[in-house]
Amino acid sequence: MASTFFNNKARAAAASSNSKPKVTDNKEQNRLAPWVEKYRPKTLDDVAAQDHTTKVLQRTLQASNLPHMLFYGPPGTGKTSTILALAKSLFGPALYRSRILELNASDERGIGIRSGCRIPRPIPVPAVQDHYLDEADSMTQDAQSALRRTMETYSRITRFCLVCNYVTRIIEPLASRCSKFRFKSLDNAAAGVRLQDIANAENLKLEDGVTDTLIRVAEGDLRRAITYLQSAARLAGTSGLAEKSSDGDEEMADAGAPGPGIITVRTIEEIAGVVPESILDDLMQAMQPKSSGSSYGAVSKVVTDLVADGWSATQLISQLYRRVVFNEAIPDIQKNKIVMAFSEMDKRLVDGSDEHLSVLDLTLRISGIMSGTKA
Amino acid sequence: MALLVDKLRPRSLESLSYHPELSDRLRSLAQSGDFPHLLVYGPSGAGKKTRIIATLKELYGPGVEKIKIDARVFQTTSNRKLEFNIVSSVYHLEITPADVGNYDRVVVQELLKEVAQTQQVDLAAKQRFKVVVINEADYLTRDAQAALRRTMEKYSPNLRLILLANSTSNIIAPIRSRTLLVRVAAPTENEICSVLRTAAKREGWTEAEGLNQRIAKESGRNLRRALLMLEAIYAQNEKVTDKTPIPPPDWEALIAVVANEILEDRSPARLLQVRSRLYDLLTHCIPPTTVLKVLTFKLVEKVDDALKPEVIKWSAFYEHRIKQGSKVIFHLEAFVAKFMRIFESYLMGMGFDF
Numbered sequence: 001m002a003s004t005f006f007n008n009k010a011r012a013a014a015a016s017s018n019s020k021p022k023v024t025d026n027k028e029q030n031r032l033a034p035w036v037e038k039y040r041p042k043t044l045d046d047v048a049a050q051d052h053t054t055k056v057l058q059r060t061l062q063a064s065n066l067p068h069m070l071f072y073g074p075p076g077t078g079k080t081s082t083i084l085a086l087a088k089s090l091f092g093p094a095l096y097r098s099r100i101l102e103l104n105a106s107d108e109r110g111i112g113i114r115s116g117c118r119i120p121r122p123i124p125v126p127a128v129q130d131h132y133l134d135e136a137d138s139m140t141q142d143a144q145s146a147l148r149r150t151m152e153t154y155s156r157i158t159r160f161c162l163v164c165n166y167v168t169r170i171i172e173p174l175a176s177r178c179s180k181f182r183f184k185s186l187d188n189a190a191a192g193v194r195l196q197d198i199a200n201a202e203n204l205k206l207e208d209g210v211t212d213t214l215i216r217v218a219e220g221d222l223r224r225a226i227t228y229l230q231s232a233a234r235l236a237g238t239s240g241l242a243e244k245s246s247d248g249d250e251e252m253a254d255a256g257a258p259g260p261g262i263i264t265v266r267t268i269e270e271i272a273g274v275v276p277e278s279i280l281d282d283l284m285q286a287m288q289p290k291s292s293g294s295s296y297g298a299v300s301k302v303v304t305d306l307v308a309d310g311w312s313a314t315q316l317i318s319q320l321y322r323r324v325v326f327n328e329a330i331p332d333i334q335k336n337k338i339v340m341a342f343s344e345m346d347k348r349l350v351d352g353s354d355e356h357l358s359v360l361d362l363t364l365r366i367s368g369i370m371s372g373t374k375a
Numbered sequence: 001m002a003l004l005v006d007k008l009r010p011r012s013l014e015s016l017s018y019h020p021e022l023s024d025r026l027r028s029l030a031q032s033g034d035f036p037h038l039l040v041y042g043p044s045g046a047g048k049k050t051r052i053i054a055t056l057k058e059l060y061g062p063g064v065e066k067i068k069i070d071a072r073v074f075q076t077t078s079n080r081k082l083e084f085n086i087v088s089s090v091y092h093l094e095i096t097p098a099d100v101g102n103y104d105r106v107v108v109q110e111l112l113k114e115v116a117q118t119q120q121v122d123l124a125a126k127q128r129f130k131v132v133v134i135n136e137a138d139y140l141t142r143d144a145q146a147a148l149r150r151t152m153e154k155y156s157p158n159l160r161l162i163l164l165a166n167s168t169s170n171i172i173a174p175i176r177s178r179t180l181l182v183r184v185a186a187p188t189e190n191e192i193c194s195v196l197r198t199a200a201k202r203e204g205w206t207e208a209e210g211l212n213q214r215i216a217k218e219s220g221r222n223l224r225r226a227l228l229m230l231e232a233i234y235a236q237n238e239k240v241t242d243k244t245p246i247p248p249p250d251w252e253a254l255i256a257v258v259a260n261e262i263l264e265d266r267s268p269a270r271l272l273q274v275r276s277r278l279y280d281l282l283t284h285c286i287p288p289t290t291v292l293k294v295l296t297f298k299l300v301e302k303v304d305d306a307l308k309p310e311v312i313k314w315s316a317f318y319e320h321r322i323k324q325g326s327k328v329i330f331h332l333e334a335f336v337a338k339f340m341r342i343f344e345s346y347l348m349g350m351g352f353d354f
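Listed in order, the protein sequences are those of chains A and B. Here the first sequence is numbered in the UniProt record's numbering, starting from 1 and rising by one per residue. Here the second sequence is numbered in the UniProt record's numbering, starting from 1 and rising by one per residue.
Think of the hints as simulated: they come from the structure by calculation, not from any bench. Think of the CB as a built atom: it goes at the ideal place given N, C-alpha and C, for glycine as much as any other residue. Treat the hints with care, since some could be wrong.
Stated by the list, open to error - One-sided excerpt, in silico: chain B residues whose CB lies under 7 Å from chain A:
no.: 1; residue: Arg-25
no.: 2; residue: Gly-42
no.: 3; residue: Pro-43
no.: 4; residue: Thr-168
no.: 5; residue: Ser-169
no.: 6; residue: Ser-177
no.: 7; residue: Arg-183
no.: 8; residue: Ala-186
no.: 9; residue: Arg-221
no.: 10; residue: Thr-289
no.: 11; residue: Asp-305
no.: 12; residue: Lys-308
no.: 13; residue: Lys-313
no.: 14; residue: Glu-319
no.: 15; residue: Gln-324
Said to hold, decoys possible - Keeping only pairs whose Cα atoms sit at most 20 Å apart, straight-line, the calculated SDA-like set for lysine to any residue is:
no.: 16; chain 1: A; residue 1: Lys-38; chain 2: B; residue 2: Ser-177
no.: 17; chain 1: B; residue 1: Lys-323; chain 2: A; residue 2: Ala-341
no.: 18; chain 1: A; residue 1: Lys-301; chain 2: B; residue 2: Asn-190
no.: 19; chain 1: A; residue 1: Lys-301; chain 2: B; residue 2: Glu-189
no.: 20; chain 1: B; residue 1: Lys-298; chain 2: A; residue 2: Gly-297
no.: 21; chain 1: A; residue 1: Lys-347; chain 2: B; residue 2: Tyr-139
no.: 22; chain 1: B; residue 1: Lys-57; chain 2: B; residue 2: Ala-30
Please take these sequences and the hints and turn them into a complete structure.
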């Protein structure tokens, strides 16, 4: 993710510097850039919904005494954006690229130790250099141990920023050398505002409730929400830039013309692979204990159709899970058993079991538990 | 003479008969010039491949239909040589990396890098990128998928990927979030019927509406299977009416025999007999999952309602074991034994709390 950031930006910058003769090229580049990169926050103030962290960082920026940092939090909450924005305001937009070394731990899988040792080699520059390690939690224990002494040795000229999802995977000595910043899951309001901004900037027509749906299916991951939005925009056949630049580029104007260009809730759900509520309703209905006989016939019919329609089993069980767990009508003791069934099924699906059989088994088990046959 | 399935395969997006809204989407994507990576998923026989070929034609014009088959040799780190078949045209490549099993990462990395680093030479080409179609993407190992992830970002100006899969469950999340998901649902029975009708008309066969409906039902919403069945029926019978029986594939007939044998008699001797039949099926390259699934559904039909959830439960359990284990016959046999046990104790009025 992050290395394309540099590529795209670098190219965009290069294109804009010798701008005039190559307008179309630049435009092309811009049009194809993922919106995630295009709308990355430029300054610390732009970073959405991480007030506490940004405030602290602003203050350290003024004091110009930067500690080593450890950013952790769920994906898509702005960790990478924050460090890049910070570097930009620290070094200025022209210089920051040469002053920051970005390492993505999953770049070179398996040889984590080497990458750990290689980091401190760069020539001592008489200014603070920033090293930023993405996905630090996928570094091996050894690589992390290798890092800890080097962090201290070079502390005069470098600062490290470790970015990770799970703080528990970072070894204790390393964590204690950094000041930690927790990135919390984005709250819906902030994410909504951000998505609306992008939609406005791209001239998208959104149906009511689209932003809510986006936030719901993305589960607090803003990057995912933006990616979905972009895919939806492509499908709707309208791209904001295509409309704006319709004067020069016929082909693009053509592409913008045919589709109605309105993004609907259904489109978003289809892109995200979300199973429609109506199907889940049918399934829940079929699983309800019957007064006479077993629910096998009803359940197996719904499941067969589900599988034939190609819905993903993992998606289905996560949605079904939410339905069941938040259903007040099911007694707690039954929920306990149902959740056990869910856990087993998830493992099976990950192991590559047949989806039809697994889903059928799961639903029949839930149905059995709900009817109380297995006390 | 080509099979009906190949002969009547639609070649362009316009001639696709069902899911019109999906075809429209694919067309607008192909025309927009901003073609994303695609992940196409759906059950088999739903028309994933057909749609993709049609989309490629929309992207590049008729040039994509001139295909050739190359055999390439790759070398693994342990100096093993792998032979690998590539179907390609000037504009696209089609690979099935799952063919080489655990070494799929090597193939994916080397091949894609090679494709990605060469730009489109043909200036007359409509698109600047090449398309690589990856079949059976859900059988790719984790390593191979992780390798794809970097390639997709790095070489996106020169390369677009289209992944074909039966389900998204086995595709890692980073790949899913980088691709546009396209779900191809299986055709409904009515849609299959109408396709069968046009096929029969095109071939000049007598029409039998009742037969078409039965085929549609029997095929389990799998269009390819339905067409093959139709062809088989017309090949085997002089005169076709609504009542003409649909011949099941011989392996399915054999499984039906097995199911009946299991139900008739539950004893170790019978188990031994069933075992040899199962071996027979396996040596004819019927996938164990298919054997187990068909057997289960044949058994479930014939047992009491109260027993059905239990049978499904154990079937799913042993299916999982098959995927995890290495010796398939053990698990198939264990399932049969388990079923005999459940069925017997049910008949004798005992609970199955073991």
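Against the structure, test the hints numbered earlier, and report the numbers of the ones violated in rising order.
-> none
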